[in-house]
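Chemist: Chains V and G supply the protein sequences, listed in that same order.
Residue numbers for the first sequence follow our numbering, so the first one is 1 and each next one is one higher.
Residue numbers for the second sequence follow our numbering, so the first one is 1 and each next one is one higher.
Where hints are given, some of them may not hold.
What the hints assert, rightly or not - The calculated DSBU-like cross-link candidates involving lysine-lysine, where the alpha carbons are at most 35 Å apart (straight line), are: (1) K187/G - K253/G; (2) K116/V - K207/G; (3) K290/G - K251/G; (4) K357/G - K236/G; (5) K230/G - K115/G; (6) K195/V - K75/G; (7) K44/G - K369/G; (8) K187/G - K236/G; (9) K127/G - K195/V; (10) K116/V - K206/G; (11) K426/G - K195/V; (12) K195/V - K41/G; (13) K116/V - K253/G; (14) K195/V - K77/G; (15) K369/G - K41/G; (16) K195/V - K44/G; (17) K400/G - K206/G; (18) K179/G - K116/V; (19) K116/V - K41/G; (20) K116/V - K426/G.
FYI, nobody ran anything at the bench for these hints, they're computed from the structure.
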Amino acid sequence: MAVRGGGRRAIASAAARVRQRTGAAALLAWFVCATSASAHAGEPLPALDFDPPPPGSYTLHRIMAAPDGAVLGIDGRSQRLSQFTRDRITLLGFIYTTCSDPGGCPLAYRVFDAMKQAIETTPALHDRVRFVTLSLDPARDTPAIMRQYAGSRPSDTSGGLRWYFLTTGSAHELMPLVEGFGQDIRYTIDRSNGKPRWELSHVLKLFLIDAAGFIREIYTSAFLHPRTVLNDIETLLIEGSGPGIEAAGR
Amino acid sequence: MISHRVMRSGILAAAWVALACTVAAGPVRADETCNSPYTAKLIKGQEDYVYVWALGVEGLGDGSDKLVTVDVHPKSKSYGKVIASVSVGSRGEAHHMGFTDDRRFIWAGGLSEAKIYVFDIATDPAKPKLVQTITDLADKTGYLGPHTYYALPGRMLVQALSNTNDKGGVTGMALYNNKGELIASYKMPTDGGGDGYGYDLAVNPKKNILLTSSFTGYTNYMRSLWELVKDAEAMKRFGNTMVVWDLKAIKPKRILSVPGAPLEIRWSLNQADNWAVTATALTSKIWLVKQDGKGEWQAKDVATIGDPAKVPLPVDISITRDGKGLWVNTFMDGTTRYFDLSNPEAPRQTYAKVTGKQVNMISQSWDGKRVYITSSLLANWDKLGAENEQFLRGFVWNGKELKQVFEVDFTKETLGRAHHMKLGSKALRTTAADAAALERLARR
Chain V
1 MAVRGGGRRA IASAAARVRQ RTGAAALLAW FVCATSASAH AGEPLPALDF
51 DPPPPGSYTL HRIMAAPDGA VLGIDGRSQR LSQFTRDRIT LLGFIYTTCS
101 DPGGCPLAYR VFDAMKQAIE TTPALHDRVR FVTLSLDPAR DTPAIMRQYA
151 GSRPSDTSGG LRWYFLTTGS AHELMPLVEG FGQDIRYTID RSNGKPRWEL
201 SHVLKLFLID AAGFIREIYT SAFLHPRTVL NDIETLLIEG SGPGIEAAGR
Chain G
1 MISHRVMRSG ILAAAWVALA CTVAAGPVRA DETCNSPYTA KLIKGQEDYV
51 YVWALGVEGL GDGSDKLVTV DVHPKSKSYG KVIASVSVGS RGEAHHMGFT
101 DDRRFIWAGG LSEAKIYVFD IATDPAKPKL VQTITDLADK TGYLGPHTYY
151 ALPGRMLVQA LSNTNDKGGV TGMALYNNKG ELIASYKMPT DGGGDGYGYD
201 LAVNPKKNIL LTSSFTGYTN YMRSLWELVK DAEAMKRFGN TMVVWDLKAI
251 KPKRILSVPG APLEIRWSLN QADNWAVTAT ALTSKIWLVK QDGKGEWQAK
301 DVATIGDPAK VPLPVDISIT RDGKGLWVNT FMDGTTRYFD LSNPEAPRQT
351 YAKVTGKQVN MISQSWDGKR VYITSSLLAN WDKLGAENEQ FLRGFVWNGK
401 ELKQVFEVDF TKETLGRAHH MKLGSKALRT TAADAAALER LARR
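Only chain V is shown next, with the shape it has when bound in the complex (with noise of 0.2 Å):
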């Protein structure tokens, strides 16, 4: 878009007004948090200790496609993961119900929650964005147990995001597409308690998918901050991603 000097310059002067006004509005809610942090379970999110580059302003490079394969959602019906993981934005992470590492599964759930409740209060995202939550257990995450664990999520559409738990009818089911998306599991053997008893592990990793499929950016648990990944799901949606262009393995 051509601007003219005066018109740019009173953009920019807004785009500063707007930001000095997000920066406070942050700074006012890290306050109120910090007073109320033992409210919250985990630690508080401590300041990002740089400035993002502005979304839009970096590009999102196209990692790879998502790979596809059969899922089962918590009715028990086998869709195709694709239906999935196009047409929307995608935050997709894999999970376990007995996964009890801080640093995995239930760090995750803190990061999704915590976008989930962005999401609905910017009306902007609403219907923009999806969650999605795949099991690396099958054997012991039915559709039922993964209905129960769901809870009020996947039916609670208010703020205009859908949010999908997701499993696999077997193994074989799975591990393409847990080699697909670079997910690392490891299984070691728990002897402490006198019977072997095969534990699963995992490095959390969440991917962000554009709307046409394609894995934009992978986050670890290591360095997850949601202000980066919002930033991500802004960059996406500045650059225009969606139906209409080009979609990974179609």
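Given the coordinates of chain V, work out where chain G should sit on it, guided by the hints.
Modeler: Relative to chain V, chain G alone:
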């Protein structure tokens, strides 16, 4: 577009407010002392293997570059012995390597070509297997001599040293996904004081900073060192800069003047620290990179390594996990030095020992008690005759003295020139696509 951004920034203000109240951040995790902070599965106990990426030597064995596995577990029957070797079938000036973020694969390459070799170290950590050769780097980017392999989530950022056009030092970085597909490339800056050269890269995600250093191009590093040093014009073609990049955007933010070919970069692993050090090969200095009082990144000469007039040629450095100590190898005098980094503004040498007739790379275990040293710098820069020792030597460090505990003679074993090292462990055996293992979980 500007007004669009303004609108969205305003829209998302509510989102920032909501976020600030609800989320706990993940811990910032350190790593084995020189790996990417995104690398999973640290070896915090006793390592089982040292993988050595070795340059082939014509007439020695098959003459090809190879990944050599040495058993380094003191209780093993084959302690200090070579237990596996994977030849790539050609000679391409093998140099450095790096783990993927899931630590299932090692990427390795040579400086005289543009190939990248991918070894599976997860299926059987004792016997790495060559599973892929990436050959499109030169064609798609024009870069030559891939050097540093640095894991980002699901990706590998590769720093090259040269280019296919004039084989000089102007080069760039290539970003691949973990499947070996090129995603993007980035030119090293040649404006704003940038010389366009590259060498190492290292990130500080807490600060959203990518830091790069600079060496020289193919025409220099593939030339005989003894001829090169007599060529005054060629000696001008070495990097004198480091670049501070915005990690998220991978865009240059600031060029730092660091004369004399700054090489390896090590961020302090102490969570409270946000500084990095490097050593300059030609000027024999330790430089500190950190923010000043105004938040600007600055580089500062903080120590001298040996006698710069004698050109000891500092090559590799290794930082302790607490950021309090730094090993420095100087190639020419074969000396391993330890610097007290308690005050990074004024590192102080507290120990030195001649560990070989020529020494290059140095790696330490997570606890700092074991130190490994190799001998080769570059095929045409290594010493000649009896001084051309080629080895992996293992040492134990008690805080006061380095004591050698084993040696693998790479010439006697017909393996070649020993260069870069990475540590391995039996415990890292894993197969991601292992449905059978998951089925066993079902019966738990």
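Chemist: Each of the hints needs a verdict: does it hold here or not?
Modeler: Here is how each hint holds up against the structure:
no.: 1; hint: K187/G - K253/G; in the structure: holds, 13 Å
no.: 2; hint: K116/V - K207/G; in the structure: holds, 26 Å
no.: 3; hint: K290/G - K251/G; in the structure: holds, 18 Å
no.: 4; hint: K357/G - K236/G; in the structure: holds, 28 Å
no.: 5; hint: K230/G - K115/G; in the structure: holds, 31 Å
no.: 6; hint: K195/V - K75/G; in the structure: holds, 28 Å
no.: 7; hint: K44/G - K369/G; in the structure: holds, 11 Å
no.: 8; hint: K187/G - K236/G; in the structure: holds, 21 Å
no.: 9; hint: K127/G - K195/V; in the structure: holds, 31 Å
no.: 10; hint: K116/V - K206/G; in the structure: holds, 24 Å
no.: 11; hint: K426/G - K195/V; in the structure: holds, 23 Å
no.: 12; hint: K195/V - K41/G; in the structure: holds, 26 Å
no.: 13; hint: K116/V - K253/G; in the structure: holds, 33 Å
no.: 14; hint: K195/V - K77/G; in the structure: holds, 30 Å
no.: 15; hint: K369/G - K41/G; in the structure: holds, 19 Å
no.: 16; hint: K195/V - K44/G; in the structure: holds, 27 Å
no.: 17; hint: K400/G - K206/G; in the structure: holds, 33 Å
no.: 18; hint: K179/G - K116/V; in the structure: holds, 32 Å
no.: 19; hint: K116/V - K41/G; in the structure: holds, 31 Å
no.: 20; hint: K116/V - K426/G; in the structure: violated, 41 Å
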